[in-house]
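In this note's numbering, the protein residues as written are 34 to 256.
Source of the hints: derived by calculation from the structure; they are not laboratory data. One should not assume that every hint holds.
[As the list claims (entries may be wrong)] Keeping only pairs whose Cα atoms sit at most 20 angstroms apart, straight-line, the calculated DMTMM-like set for lysine to aspartate or glutamate is:
hint	residue 1	residue 2
1	K176	E247
2	K114	D238
3	K58	D206
4	K195	D238
5	K139	E166
6	K139	E99
7	K184	E174
8	K180	E228
9	K58	E183
10	K229	E174
11	K63	D90
12	K126	D206
13	K184	E254
14	K58	D238
15	K114	E99
16	K126	D90
17	K180	E254
18	K126	D77
19	K63	D82
As the structure is a computational prediction, the values presented were derived from the model and not from experiment.
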Amino acid sequence: MTINIYDVPGRTGKSFIPLAVLNYKGIPYKTEPYYTVPVISDPDHPSGDGSPTVISDSWKIVEYLEETYPSSGGVFPSGTKSLQFLFQQHLSKTMTWVIIPGYIIKMYHILHDESKAYFRRTRETLFNRKLEELHIEGLEEWKEAWKSVEKGLTDLALVLDKNGQDSQFVLGDTITYADFILVSFLDIIATFTLEKWEKEIKLWDGGRWNVAMERCLPYLEKA
């Protein structure tokens, strides 16, 4: 049997992090589209009542995969889990949520009709604004958001340089959950603002963000 992963259409940010980890660990799975958050069900490891174990939220899904399938490649090397969680929180706070408002409408329109009502309700509750009011693309607020993102990535590049010039990944020579978090953010940009990605962002900081994407590409496609 295989794991079922319920996912939004396309490859958008956090929705592909569990997919990337499944690919990296070599765990068989099949995707079921048109859900608004990543959810997995694992029939090979039933819950107490005999039904498949169901897990939602990217971080919790990856924790489950690490604990349940330890023999395959791990993304939480010993002693790094809390550090990677901190990295995720920092990236979300300083960059991801800075530009998400500009993409809200685009995210909404790629969803299946059955998911749109849930997406609208939960996001409007989260931001306390209508989705249409969150669309800041082209406004001065959007320009300021990109300035913050550029500064955030440049600051991150300076931190990652501490690993040494030959280091390929966030934590050194081994791909980890942190790399998939970083690339999920970059993938949001490339998905929803492809022209800006191609002409600007992939060239920032000596092209290192494009390199980061390319190193993770084998794990980003759905089976």
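Hints versus structure:
1. K176 to E247: violated (27 angstroms)
2. K114 to D238: This hinted pair is violated, its Cα atoms lying about 27 angstroms apart.
3. K58 to D206: holds (17 angstroms)
4. K195 to D238: holds (15 angstroms)
5. K139 to E166: Between K139 and E166 the Cα gap is close to 13 angstroms, so the pair holds against 20 angstroms.
6. K139 to E99: Outside the cut-off at roughly 33 angstroms; violated.
7. K184 to E174: At roughly 16 angstroms apart (the allowed maximum being 20 angstroms), E174 and K184 satisfy the hint.
8. K180 to E228: Cα-Cα ~17 angstroms, so holds.
9. K58 to E183: violated (32 angstroms)
10. K229 to E174: holds (17 angstroms)
11. K63 to D90: Cα-Cα ~18 angstroms, so holds.
12. K126 to D206: violated (26 angstroms)
13. K184 to E254: violated (29 angstroms)
14. K58 to D238: With a Cα-Cα distance of about 30 angstroms, the restraint between K58 and D238 is violated, given a limit of 20 angstroms.
15. K114 to E99: holds (11 angstroms)
16. K126 to D90: holds (17 angstroms)
17. K180 to E254: Violated, at about 30 angstroms.
18. K126 to D77: Roughly 36 angstroms separates the two Cα atoms, so the pair is violated.
19. K63 to D82: At roughly 23 angstroms apart (the allowed maximum being 20 angstroms), D82 and K63 break the hint.
Hint violations for this structure: numbers 1, 2, 6, 9, 12, 13, 14, 17, 18 and 19, all remaining hints satisfied.
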